[in-house]
Amino acid sequence: MIEGWTLATIVLMGSVTYLTRIGGYLLLGDRELSARTMTILEAAPGCVLIAVIAPAFVSGRTSDLIALAITAAAAVRLSLLPTVLIGISSAGLLRHMLG
Amino acid sequence: MAIHFAHICSANDGKSLAMTTIITDQKGEFARGLRASAPVLLGLVPAALVLGAQATAKNMAPLAVPLMTGLNFAGGSEFAAIGLWTSPPHLLLIVGVTLLVNSRHLVMGATLAPWLRQLPRRQVLPALFLMVDESWALALADAKARRTEKSESAFSLRYFLGVSAGLYVCWVGFTALGALLGPVLGDIERWGFDMAFPAVFLVLLRGMWKGFGAAIPWLVSLLIAAGVCLTLPGGWYVPAGAIAGIAVAWMRSRP
Numbered sequence: 000m001i002e003g004w005t006l007a008t009i010v011l012m013g014s015v016t017y018l019t020r021i022g023g024y025l026l027l028g029d030r031e032l033s034a035r036t037m038t039i040l041e042a043a044p045g046c047v048l049i050a051v052i053a054p055a056f057v058s059g060r061t062s063d064l065i066a067l068a069i070t071a072a073a074a075v076r077l078s079l080l081p082t083v084l085i086g087i088s089s090a091g092l093l094r095h096m097l098g
Numbered sequence: 000m001a002i003h004f005a006h007i008c009s010a011n012d013g014k015s016l017a018m019t020t021i022i023t024d025q026k027g028e029f030a031r032g033l034r035a036s037a038p039v040l041l042g043l044v045p046a047a048l049v050l051g052a053q054a055t056a057k058n059m060a061p062l063a064v065p066l067m068t069g070l071n072f073a074g075g076s077e078f079a080a081i082g083l084w085t086s087p088p089h090l091l092l093i094v095g096v097t098l099l100v101n102s103r104h105l106v107m108g109a110t111l112a113p114w115l116r117q118l119p120r121r122q123v124l125p126a127l128f129l130m131v132d133e134s135w136a137l138a139l140a141d142a143k144a145r146r147t148e149k150s151e152s153a154f155s156l157r158y159f160l161g162v163s164a165g166l167y168v169c170w171v172g173f174t175a176l177g178a179l180l181g182p183v184l185g186d187i188e189r190w191g192f193d194m195a196f197p198a199v200f201l202v203l204l205r206g207m208w209k210g211f212g213a214a215i216p217w218l219v220s221l222l223i224a225a226g227v228c229l230t231l232p233g234g235w236y237v238p239a240g241a242i243a244g245i246a247v248a249w250m251r252s253r254p
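Here the protein sequences come in this chain order: A and B. Just so you know, we're using numbering that gives the first Met the number 0 here: the first sequence kicks off at 0 and counts up by one. Just so you know, we're using numbering that gives the first Met the number 0 here: the second sequence kicks off at 0 and counts up by one.
For reference, chain B alone in the conformation it holds in the complex (with noise of 0.2 Å):
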């Protein structure tokens, strides 16, 4: 879905694109936003206070949680860290996996790309801070409906901090608010919290299915894993595995 986008909007002109641009009522805009982000906030708010509370588990420091959640605002890459959290952290396999889980925002970020020409960088690289799958979702969406209406600007930035002010408040507010529960909740493996980890990856998979094809390179990406996690101390087979899938995709591309 990603590309076509992307060719969609290269096809268009850039400069038409930004004579139309018409900052319509701005605080409405935000408004709309912060609307379109509640239905997400329901999936957030639980997966947010699994997050903080495995965190605690982990031995994280309950300030620390939400300063990563705050810094880092990119919730897999954040299951990810915590998945491989030791005291202290192993850094360049944390900050490794967090490369390699969040290299799908480049992908993102080039899809948007065209649709920001008529903005200034000024203000594109701060609110490109917020951008989450979520977000990025809902703007583009919106940006494409709006243009087929043929008055009005396409890209609205406003309405994009709108629906990241939202997620991002939630999302740092409950991961903080798990960290400090964690200890309350227990043991949380014993009651399966742990699970709630593979079931978000797995939701996010089922998004990006694109055929059994297309999927042969994460069958690839598991076995290897799997087989390198039973084999290999530490977190080595996220890079291990990840890299093979890679190779795999790589190879099949090959015209």
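So here's chain A without its partners, still in its complex pose (with noise of 0.2 Å):
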């Protein structure tokens, strides 16, 4: 069984990302954008992304942060798989190396 409150937030997601699909298309598609909005539009994803993986830099757990800077390390050179899978790896080993 799902709980309302679960169903609600769930449901109320799924809204807002639609908007999202339809909204430049409706709103923004017959328009030019100034070079600025492009330029803030262009920010905001990556100030997004980087905030919510933001407590991974301060766990302050040193078998992390060592983890951390090697996926980092894996990600500026390979695809999504292969950094998934050296970032879990790492993470695994060196937390049961380093406790």
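Simulated from the structure, these hints should not be mistaken for lab results. Warning: the hint list may mix true and false statements.
As the list claims (entries may be wrong) - Result set (SDA-like, lysine to any residue): computed pairs, CA atoms no more than 20 Å apart in a straight line:
(1) 57(B) to 232(B)
(2) 57(B) to 54(A)
(3) 209(B) to 54(A)
Said to hold, decoys possible - Label-pair restraints from in silico Cβ distances:
(4) 68(A) to 210(B): 17 to 23 Å
(5) 97(A) to 125(B): 34 to 40 Å
(6) 78(A) to 34(B): 17 to 23 Å
(7) 81(A) to 183(B): 22 to 28 Å
(8) 27(B) to 84(A): 31 to 37 Å
(9) 61(A) to 60(B): 32 to 38 Å
(10) 92(A) to 140(B): 36 to 42 Å
(11) 206(B) to 18(A): 31 to 37 Å
(12) 97(A) to 144(B): 25 to 31 Å
(13) 81(A) to 218(B): 38 to 44 Å
(14) 229(B) to 92(A): 25 to 31 Å
What the hints assert, rightly or not - Residues from chain B shown here face chain A by an in silico Cβ test under 8 Å; the list is partial:
(15) 88
(16) 104
(17) 231
(18) 249
(19) 252
Glycine is no exception: its CB is placed at the ideal position from the N, C-alpha and C atoms.
Assembly of the complex is requested from the two constituent chains, each provided in isolation within its own frame, with the hints serving as guidance.
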């Protein structure tokens, strides 16, 4: 069974996401955007993504910080799948070794 | 890159694009899109299993997982939602973060719009439900390639739907499987699976990289979010960090 509050959260998540998908097509498509608007729209997704993963940078665990550095180095060079595998295995191994 | 496409498209006459629309072998187009989704699935399936397992670790009901991934269908925001998930969930925070993470769809939709002018809205609006980073990128690249052949229409909706169908079925299916397998995997943090989440986002950030100057707002977001995370309880570090970075981007873009 799905609890009511969970259901409401999920339905609202889906609704706002759908609005972002059709919003650009409906509102921005026919208009010329200023260079300034575009600069801000370009920076925004990265700001959000890095804010979401910020806790990993301040976990205070040595094993996690080393694993994060290894994962970041992998992300610069490799595609999604190998980076994810390196991230998981380095974090798993370092936690076992360093506790 | 997104801006680049937008300028190319808007320079083109929308009507001439519409005139060249030819709906060719529709079944073939769908299958071509489905095949194009295959390499993307290699990265998507493990990420889906991890997401499902993380959801179970956060005590989310197994049935709620495919419901979320099926209705929302945007991986980044789902990882963020699971990261912030509590029982019961903090509705406003999760919906707000979902909106922020998916705000990039607005830009993606805007760049796609000139290619979609030839199609009726009653077809475009349902199809856009399936727009994700990968299907957007593949369909746009395909449309550009086909336009230079000058024989056929540019944007193939069936191709886009084929790519999307492959991604959708696997995403919903494997997140559900991950939710069921979660208890078998046990304490996923011990195995390092939680690091999949920063890993996915770091690769996405690499894809958005436009030099150190453009990354200054990101650094501000990281610092503010980290500071708030250490001082305030709950998930408020996400909006705090995101808004701080966007404010810096706004100030830096002042002419």
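Now the hints, each set against the structure:
1. Of the supplied pair hints, the one linking residue 57(B) and residue 232(B) holds, its CA atoms being roughly 17 Å apart against a limit of 20 Å.
2. Of the pairs offered as hints, the one joining residue 57(B) and residue 54(A) holds, with about 17 Å between alpha carbons and a cut-off of 20 Å not exceeded.
3. The straight-line distance between the Cα atoms of residue 209(B) and residue 54(A) is roughly 24 Å, outside the 20 Å bound, and the hint therefore fails.
4. Hint check: residue 68(A) to residue 210(B), Cβ distance near 22 Å, so the stated range 17 to 23 Å holds.
5. Distance hint check: the CB atoms of residue 97(A) and residue 125(B) are about 51 Å apart, inconsistent with the given range 34 to 40 Å.
6. About 19 Å separates the C-beta atoms of residue 78(A) and residue 34(B), a value consistent with the hinted range of 17 to 23 Å.
7. Between residue 81(A) and residue 183(B) the Cβ separation comes to about 25 Å, which falls inside the hinted range of 22 to 28 Å.
8. Remark: the range hint 31 to 37 Å for residue 27(B) to residue 84(A) is upheld by a beta-carbon distance near 35 Å.
9. Hint check: residue 61(A) to residue 60(B), Cβ distance near 36 Å, so the stated range 32 to 38 Å holds.
10. In this structure, residue 92(A) and residue 140(B) meet the distance hint of 36 to 42 Å, their C-beta atoms being roughly 38 Å apart.
11. At roughly 24 Å, the beta carbons of residue 206(B) and residue 18(A) sit outside the given window of 31 to 37 Å.
12. Range check, residue 97(A) to residue 144(B): Cβ separation about 49 Å, and the 25 to 31 Å hint is violated.
13. Checked against the hint of 38 to 44 Å, the pair residue 81(A) and residue 218(B) fails, with Cβ atoms roughly 26 Å apart.
14. Range check, residue 229(B) to residue 92(A): about 27 Å between beta-carbon atoms, so the 25 to 31 Å window is met.
15. Restraint check, residue 88(B) versus chain A: the minimum CB separation of about 5 Å is within 8 Å; hint holds.
16. For residue 104(B), the interface hint holds, the least distance from its beta-carbon to any beta-carbon of chain A being 4 Å, beneath 8 Å.
17. For the restraint placing residue 231(B) at the interface with chain A, the shortest Cβ-Cβ distance is roughly 12 Å, beyond the 8 Å limit, so the hint is violated.
18. The beta carbon of residue 249(B) comes within 6 Å of a beta carbon in chain A, closer than 8 Å, and the hint placing it at the interface holds.
19. Because the smallest distance between the Cβ of residue 252(B) and any Cβ of chain A comes to about 4 Å, under 8 Å, the interface hint for this residue holds.
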